[in-house]
Structure formats: C-alpha cells, structure tokens
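Given chain A, put chain X in place with the hints provided.
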Amino acid sequence: MEALTWAGPTGTFLGPIGLILVIAFAVAVVAMLVLSVVAAPEAVRTGRDLAARPSGAFGLSEAAVRWTGLALLGYVVVWLIAGIVLPYGQAGIIGAVIKRFLPVWIALALTFGLSLAFKRRLGLYGKLFDSTIGMIGFGLVMFWVFTAAFAGLFDWVATHQPLTAVSGLKNEVPGVPMPQAEVVGPGAHYLFGGDNLARDVFSRMVYGSVIVIVIAPFATIFAFMVGITLGLPAGYYGGRLDMFLSFLANLILAFPVILLFYLLVTPEMVQTGLPSYMAMALFIFPLIFAAVFINSRWHTQPKVRTPILIVVLAVLGIVYLSAISQRGTPLNFLPGWLDLFNIPGGILVVFVSVVFVNSPTVFRIVRGLAMDIKTRDYVAAAQTRGEGPWYIMLWEILPNARGPLIVDFCLRVGYTTILLGTLGFFGLGLPPESPDWGSTINLGRRLLSIYPHPAIVPAVALLSLVLGLNLLADGLREESLKD
Amino acid sequence: MTDTAFAPETPAAQQEPLLEIERLSISFFTRLREIPAVMDFSAKVMPGEALGLVGESGCGKSTVALGVMQDLGVNGRIVGGSIKFCGEDLCTASLDELRRIRGREIAMIYQEPMASLNPAMRVSQQLMEVPMIHEGISEKEAYARALEVVTDVRLPDPERILKSYPHQLSGGQQQRIVIAMALMSKPKLLILDEPTTALDVTVEAAVVKLVKDLGKKYGTSMLFISHNLGLVLETCDRICVMYSGEAVERGDIGDVFDKMQHPYTQALFRSIPLPGADKNARPLIAIPGNFPLPHERPPGCNFGPRCDYFVEGRCDAQDIPMYQVDEHERHETRCIRYEEIDWAAPPEAVVKKEKGQIGDVVLRMENLKKYYEVAASSLFGRGGETKVVKANENISFEAHESETLAIVGESGCGKSTFAKVLMGLEVATDGHIILDNREIGDTPIEKRDTRTIADVQMVFQNPFDTLNPSMSVGRQIIRALEIFGYGKNDGERRERMLTLLDLVKLPRAFAERMPRQLSGGQKQRVGIARAFAGDARIVVADEPVSALDVSVQAAVTDLLMDIQREQKTTLLFISHDLSIVRYLSDRIVVMYLGHIVETGTTEQIFAPPYHPYTEALLSAVPIADTRVQKKEIVLEGEIPSAMNPPPGCPFQTRCRWKSQVPGNKCETELPPYRDLGDGHRSLCWLDDAQLASMEPVIKVAAE
Chain A
1 MEALTWAGPT
11 GTFLGPIGLI
21 LVIAFAVAVV
31 AMLVLSVVAA
41 PEAVRTGRDL
51 AARPSGAFGL
61 SEAAVRWTGL
71 ALLGYVVVWL
81 IAGIVLPYGQ
91 AGIIGAVIKR
101 FLPVWIALAL
111 TFGLSLAFKR
121 RLGLYGKLFD
131 STIGMIGFGL
141 VMFWVFTAAF
151 AGLFDWVATH
161 QPLTAVSGLK
171 NEVPGVPMPQ
181 AEVVGPGAHY
191 LFGGDNLARD
201 VFSRMVYGSV
211 IVIVIAPFAT
221 IFAFMVGITL
231 GLPAGYYGGR
241 LDMFLSFLAN
251 LILAFPVILL
261 FYLLVTPEMV
271 QTGLPSYMAM
281 ALFIFPLIFA
291 AVFINSRWHT
301 QPKVRTPILI
311 VVLAVLGIVY
321 LSAISQRGTP
331 LNFLPGWLDL
341 FNIPGGILVV
351 FVSVVFVNSP
361 TVFRIVRGLA
371 MDIKTRDYVA
381 AAQTRGEGPW
391 YIMLWEILPN
401 ARGPLIVDFC
411 LRVGYTTILL
421 GTLGFFGLGL
431 PPESPDWGST
441 INLGRRLLSI
451 YPHPAIVPAV
461 ALLSLVLGLN
471 LLADGLREES
481 LKD
Chain X
1 MTDTAFAPET
11 PAAQQEPLLE
21 IERLSISFFT
31 RLREIPAVMD
41 FSAKVMPGEA
51 LGLVGESGCG
61 KSTVALGVMQ
71 DLGVNGRIVG
81 GSIKFCGEDL
91 CTASLDELRR
101 IRGREIAMIY
111 QEPMASLNPA
121 MRVSQQLMEV
131 PMIHEGISEK
141 EAYARALEVV
151 TDVRLPDPER
161 ILKSYPHQLS
171 GGQQQRIVIA
181 MALMSKPKLL
191 ILDEPTTALD
201 VTVEAAVVKL
211 VKDLGKKYGT
221 SMLFISHNLG
231 LVLETCDRIC
241 VMYSGEAVER
251 GDIGDVFDKM
261 QHPYTQALFR
271 SIPLPGADKN
281 ARPLIAIPGN
291 FPLPHERPPG
301 CNFGPRCDYF
311 VEGRCDAQDI
321 PMYQVDEHER
331 HETRCIRYEE
341 IDWAAPPEAV
351 VKKEKGQIGD
361 VVLRMENLKK
371 YYEVAASSLF
381 GRGGETKVVK
391 ANENISFEAH
401 ESETLAIVGE
411 SGCGKSTFAK
421 VLMGLEVATD
431 GHIILDNREI
441 GDTPIEKRDT
451 RTIADVQMVF
461 QNPFDTLNPS
471 MSVGRQIIRA
481 LEIFGYGKND
491 GERRERMLTL
501 LDLVKLPRAF
511 AERMPRQLSG
521 GQKQRVGIAR
531 AFAGDARIVV
541 ADEPVSALDV
551 SVQAAVTDLL
561 MDIQREQKTT
571 LLFISHDLSI
581 VRYLSDRIVV
591 MYLGHIVETG
601 TTEQIFAPPY
611 HPYTEALLSA
621 VPIADTRVQK
631 KEIVLEGEIP
641 SAMNPPPGCP
651 FQTRCRWKSQ
661 VPGNKCETEL
671 PPYRDLGDGH
681 RSLCWLDDAQ
691 LASMEPVIKV
701 AAE
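These protein sequence lines are chains A and X, in that order. So for the first sequence, full-length UniProt numbering puts the first residue at 1; every next one is plus one. So for the second sequence, full-length UniProt numbering puts the first residue at 1; every next one is plus one.
One chain only, chain A, in its complex shape (with noise of 0.2 Å):
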C-alpha cells in the first residue's frame, strides 16, 4: 500500500490556491501596519464622521484584509467538507484527520448553532458569540472537548489504541501505511508518524487529551474550593487570621514549584504517606464548603437542612474516604466494598501537588474581592438583619465575585493545563508510558533533531488549547464589561 502524503491528490490544485491566499492575506496585514502608522492623523474619525467608512490607502489596506482573510476562512471551509466529502486518501493526512475528527466538527456545528440561535437568552455565555476573540477560544476549548468526551467514552476519533506498538514503524513519517493492512481505509495508516516505540502518535494525542481535558479542569475546582473557602474569612474579617492565612499563601508561592514537584513525587515521599495525607487535607474543603454552603442558607429551618445535609455530606463523605483510601498507601483504612474507587497513585500526586501550588493564587483573588464587596450596603443589611458570618461570605459576597473568578478559572485551567505538560515532561507523576501530552514531548523530544514529529504534535494540541483557554478568557473578561 501506498504512503500517504500530507493533502493527497487535491493538494495538486489546493495547495498553491492556499499558498496565494496565505500571501495576499500576509501582505495585506503588513501594508494595514503601515499605513495605520504613516496615515494616522487622517485614520483618527472624530464626531459624525464616524459612519463613514476611510478612504485612502488606508481604507483600501483594510479592505484588503477584511476579503483576504474572508477568502482564507472559505479556504479552510473548503478543506474541511473536502476531506469529509472525498474518499479515504484522495484529500491526503489532512483529508484522513478531518474524517476522524467528524464526530467532534458535528458536535462543534450543533454547539454553535445552538448558542448563536439563541445567544440572547443565554447571559454572559450568549454574549460570548459577540465577541470573535471568545468564539475562536471557545471553539478551541470545545474541541478539545468533544474529542476528549468522544475518545475517552466511545473509542471514537482515534484510529490505534495507545499503546500498541507495531514493529517496523518505529520513527516512521507521517502517513506511513500499516504493514499488514489491505483495506484503504481508517486505521491503514499511521496518520502523523509512529513515535521511538512505534506507536501511533495521532492516537496517543486523541488519548493525551482525555487525561488532561480531566484533570485539568478538576484540579483547578479543587484548587477554587480551597482558595474560597481560605480566602472568604481572610478577606472578609481581615485582621490576625487574614495576616496568618496570607502569610502561609505568600509562604507557599514562595517556595520553587518544580523543585517542590520533585520532592512530592520522590518514593521516599510517597512511602511516608505525605501525599496521601495532602490530599485528606485538602479534598477535605469540597465537604466543608458544602456543608457551611447548605447550612447558612437553610439554618432556620432545621426540617429543610437536616436531610440535605445528610444526604449531601453521606455521598460526598464516601467519595471523600475512596478518594484518599488507596491500597498501598499508608491510608488505607477503608473495607475494599465500601471503596468506590481507586485513583492510580501518580495521578493523585500530581492532582494534589497542583491544587497546592494554585490554591494559594486563588485565594488571593478572593481575600480581595471579599475585602471590596464586604463594603456594599446589601451586606450590611445582611448583617444588620443577623446573618451569619458564612451566609453573608457564601451567599451576598460569593455570587457577586462571580465575574472575575470565572475568567480567572479559565485561564488557571490553562495553567493547569502547562503544569501537567511540565510534570509529564519531567516524568513525575504519571507513568512513562502514559500518552498525555508532556510524557510524549518529552518521548520525542531525544530525537527531535532527525524526527520531529512525535514531539510536534502533542506541543501543538497543547498550544492549542492552552491558547484557546486564554482566548476564551479575554473574551468573557471583555464581554462581561459591556453591556
């Protein structure tokens, strides 16, 4: 069977089309620069002026982006339904991971469609669809998403498992056939190239994704749980609890992260349960948040509470007790048919060390916006009225924090996002052999120089969605300041 090359036989004829977009759109940009700069006095429109759209140079160079960069969108639209449309390598490797990634471009189509359909009711989200910034981020964000949903739940998208080697294909350049395959179709090729050990590396990047897509996004919770429920009181009452609480935040930020990483992951480490004994201390926070959460509000009426509370506190206690219960750890205490679940021993590290070093950040947002909104009137009516301290910090001060802590969520899960990269490149934590995007960087990264591309394609789904978090940051932060 035949190599596949990167766009097949339509490239013959698309690929210079898109090399003269590229150009033209290039080009265009550069003269925009220009002219913005030599022709400034005249670019600046003052009163009713404003309507008119500039004339001159200027007004042509923006013309000439606005259409090039429309043509280079219909381009990519063009490939797109190309490789969905064409037969199993007539569009080439970009034709064949269209096609696997269809699953997800239907999801992404349906999201949408949806959202723009209904943007006006939808608040803050709804008005991320205004802002093209925020839909590129969350397009990337979403991505990313459904490939992980489809990956981790289906064994969709991918072609290879993981962790099957095939012999011969060791270091092999994208597109290589498969040995023994004799149906042109999916899974007859290694798509991007096999890896030093001769595995897939398009499929250990769809399966990259679910591990980090799942504990990225779940660290930074934990990390948020810990950081408001430190933070809150901090801000809040101020004075000698806020000087201490500070203190063992500034106190921790303090200490080098990646040296600290090191220390956690030792095995000496391990063998002493500290881990384990951080993560009982810190997993802990979730059940008290959601104790004095459910509590505040409904103290005065103990029918109410009461069996919210147990029934809260009973699930969340045993997941609670599985989570830091493992076997071969000094915490292990619980009966193995009351333990719901193991999490492999590294993962937990990693999970625990990233929600140490974010907490702190987060619970200085939140010690800050605490101390200005403690000043409104409506929590002096709270108190005034008698309310808790927990019901004022949880229910008047915390929902009107929402603003800033969402966009900062965003951009944490992206930092989150570089430190599983960072931990992965660096081997701590996760097993060697694990697909997720550092560990393969870093797989990659002893050949770099003779084959690049097992290390290039997990650093750029890695600068992807990272970019596509930050993106999607700016664009909430800037859509909720308009209104």
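No lab work stands behind these hints: they were computed from the structure. One should not assume that every hint holds.
[Stated by the list, open to error] Listing some non-contacts, in silico: residues in chain A with all C-beta distances to chain X over 10 Å:
{"#": "1", "residue": "L163"}
{"#": "2", "residue": "E268"}
{"#": "3", "residue": "I294"}
{"#": "4", "residue": "F425"}
[What the hints assert, rightly or not] A few chain A residues that face chain X, going by a derived Cβ cut-off under 8 Å, partial list only:
{"#": "5", "residue": "T5"}
{"#": "6", "residue": "Q301"}
{"#": "7", "residue": "R376"}
{"#": "8", "residue": "Q383"}
{"#": "9", "residue": "R385"}
Ideal Cβ positions, reconstructed from N, Cα and C, are used throughout, including at glycine.
What follows is chain X alone, placed relative to chain A:
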C-alpha cells in the same frame, strides 16, 4: 499678570453668542440598537452668561456637555445638528483644532474631584501644565499664575497647597483645585457637570459662591449642569430644563421659576420640598409613572404619559416643536397646550392625611459614647501609641412611637457611627441605648434575639448597592422573613412577601425580577419592604432618598410616611438635606463632630434662636424658590478631624459668633446643654440676649 487681563470682554463682542447649539442630536450605538440620548437640542450661551441645564438622571444633560467637548467615546456619535463655538463648528473641527480649544477655550469640571486629579502629581505640576501646554509660557510664569489662581479660589496657605498631593486635601479643597485648574488658561466657557454633588452642603455653598464670584471676575460664560433646582437658581441667569433627551423649557431664571410654561417643569417644582413652606399648605406631589427608557419613548410628547394635562390625539399625534412664549423674551416651551393651561391654578387638592398620634418613648439614648482606637502600627498593634477617635460624644435623646426624628449633620459628624451602634454592628464604649426598657447598647447583633433585630431595621442610602445583585427581589425579602422566623413554610412566607410588595406599591410580578432590572426608586422601595419584613418598630433611614431623582424622592418619601402612619413606626431619618427634613420630621437632632449641638422640634430648629452651626447649615441649603431670601453665611475652613478635635466647643474653629462670647470660654470649655424652653436644647455659650438677637436665615418675601 494684572487684573485687566481677566476683565470681561468688551460690549461689542456680546452681540455674538459664545456657544450656539442648534438642533443637536446625539446617539449611542450598542450591539442591539441605536439609543438616542439627545434629540433636537438647541441652546445659546452669551458671553458672560451662565446657563443652567436641569433634569433628572438619564435625561441627556451630561451627554450635551460631552458633545460640546467632542468626547463621546467610541460608541457615541453626533447624528444631527451643529455646535458652534465662537462661530466655529466643533463637529467638523480637526483634532488639532479641538486640542487647541479643549482646556484653553472650554474647560470642564466634573462631579468627582478625586477622579479629575492625577494622584501621582503634585497640585502645582497639574496646574502649571495647563498654561505651559496651551500658551507655552515659562515654568516661572506658570507657577506665578498657579499661585494667583489658587489664591483666587480662596484656599488657605496657597504655597503649601501647591506642594501637596491631591490625597492630602479634603474633598472641598480638591474641587477648588479642579476649578483652579479649569481657570488656569482663562477659558471663555466653563462647563460644570454636577460640580458639588459629591460635597457636603456647607462646602457646596462655599464652592457655589466661589464659582459665581469667579464667573463675574473673569467674565467666563458657564454651562452649569445640575439636578438641583436650588443651585441653578443661585448660580445661573438662564435655565434649560431637559426631559428624556429633549429640552422642554428654556428661558430666564425668573420666567421659568415663576411663570413656567411646561407641565414637567411644574411637576418638578411641585415634587421638591421647600423649606420656606409648610408641609400641609404645600404637600409634595410625586410625578406619576417612570422615566421612559431611551428606546421606549412614547410618540409625540415624551412627558405625555405622566402629564396631568395630556390630551389624547393631540399630545401624542406628532413630534412637538419648541414654541416661543409671547409674553417673555427668549422663553420657549415644548408643550402644544401651553396657551390653554392655567399655570397659576393650584394643584388639585390632595387628600390630607391624618398625622399619626405620637406615642410613648420607644428608644432612649443616654450619654452614648463610641470611641475607636486607631493603632499607630497595625503589625505590632499591642505596643506603640494608640490614638482615639471620638466618633460619638454624649449622645442623648428620646424617640417616641410613630415619630420622625431627623438626625442632621455633614459627613464625619458621627451619624453613621451612631446608626451602627444602634443596629448592634458596633458596641457602645459607654452609655446606654434603651429599647422598651431593655439595654441593648452593649449587645452586639449576634447576641440580640430575633425580635430585637427585627424591631430595629435600616434603609440604606445607595439604591444601587442596597440589594444583592445576584438574588431575585422576592428571594431577598423571603430571606429576611426566614431570618426573622416569620411563617411556618415557604408558602406563607411567599404570601407575606407579596403583601410587602403591595405595601411599598410595587407590582407583584417584581418578585421574580433581578435588581438590575429595577430603577433606583424601585430598588429603594424593595429596600424599604425588606426593612419592614419583620414589622420593624424602629427604622433607621440613612439618607434614603438623597441618591434618587427629585421626582422619585417625593414618591419614596411619601411611601415612608404612609407606612409610618399605618404601622406606628419610629423613623430615625439621617440626612443632610434640610429641605426634606423640614418636610417630614417632627423633631430634629443636629450633630457636629460627634456632638449633638442642637435638638428640638422642627419649628424650634428652623426659627431663631439657632445654634451657630445650624444657622450656617440652614443658610447653605439651596432653595428653588425665587421668593425666598437667605442670609449668606459661608463657613470658612474645614471640619476638624475627629482624631484631633479642637478643645472646648467642637464648632469653635468655624463659628462666626465666637467673638461675642466673653473670655475664651469657647476655646477652653465644652459648653453645657442649655435648655431654651420646651425641650429645645443647644450646645452653646451664647447668652440669652445674644441668642435673641439672631435673625431668621430664611425669609419668604411677601407676595
């Protein structure tokens, strides 16, 4: 620099208007629609003339000012008309021309003085910058001029002021610096956008007097934007009343105030309390309905739906142009029926409401003291020096059932501290607060029982801050009911919440609304409903209407009075606005620097003999009535810091009667509370003869 340089322009130049706005329309463009902010607005400012621009918030008056400055932001645009300054059209002026005009020919003074000054620059640098940029004069000359202007705005010790940073000055001093900065380049036109709203009344009076005097001295024309009719009366020659983006009436101050020709102007005057008039003879009349949103304006006359003289088919048939009123020169009105309406007719008789019978003493304060200790260093708080801030000193008074007790004073007088102690947010340092024979002064709120908490509730000042923005209106009221232990289940509480909404005259559908969907007045009503959720017997109202528009103020004030009559509530009304205090209170407590300086019934306070501070306070209130004549008493200096109060009488540093007291008793000894008869008490050393020599501050001229 000689005085001739500042002299008014020659009479020959007075033929041409300085600023001529013709049929100006300004719109803002949002992602949903175009929002017209100003429509068909025309105005003329002659050299040396002061034009007042009056209207409620959202009527477009600030937009006009920004339009003149050509500073409408990215989404604002002039969609029609012209603005001519000295014959030059500002709408077509290039950026360079605008840069030359802004700051040099037209200067603007904004509402918030702290936000107009650069906190990182010394005052002198900020002032000198103006002529150095615009006229290119040397640093030395610029400094000389800065010194001169700062002296002109009557700041003490100008050289020290020039050296200081903005945060080292008080709000009043900052605003004077902003005015000085505007005058640095001798502008032809000064735009003042609510220049005194953020200041205290006595400071406001001083700043307004200053602006008026400077206007005369420099011959500057002024565009004075305000929501306060009294202020405009004191400062301006001509007035333009705006409503919902349009000018509705325009004319000389005297004509518009006394012979108004537009129903909105009339309604506006009827909705503000005048301290010269009695509340029974001249009850407040609120304007019914709400201000229309810019994109929901009615056809025809914008004021139509709220107007008493509305005639269907005429007022809403077509756009109403400005009509020239024949009897007066340069007096125009946007009312199609102005000739038919009998403007002199008294307002339709309002049902006179029975005054609630004042009952027993409910709340008694005895020698209440509240001191704060301010540590010199917070890190090592235990050691080192501590300073004591005496926020409240010897506060004693009684409040009766269904009585309105007004607590009057400027910022820093300790009225908010007193409210905090009463609510239990702070514990009194000394003295007693007795509620129904129970001592509550030393009980913090956590230790008070539910009944006590529900009995003493508070209505807050800022309507935009009083409701939790992320909780629905109904939910917030139900929460108060839950806390006060009302009702057995959610159903009962919900029912009660709906009746509370009825009580404050809000539609029941508002229960599901979020606070951002409500106007300021509506939010304040919800705040009142929440305070009365537990059948409160004492309600502390901390300036409940001062942040509202005048037409809404009247409605909210009336609502409070209605509820009081119904529920026999004791209302502690904290305010600095003596007009409204006179209108609704039975007794008044005047506070200054933590002390009660005078207490008595409303009649006693508003008639001589006064405490010298009360006298100054009364004189400072702007009154929107041409018949009222006021004695002008401007307080010099600043309120002393509570951290370092003057010895003797707290008011001695600013008192104009001090020289009348023999010896230096004012400076050394705290005066006793003198009983002037019938419970009227005053903290002053003046003897009876001197007190008897005081003249009334406010006189209503005979008709």
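Which earlier hints can't be squared with this structure? When the structure is compared with the hints, only number 5 turns out to be violated.
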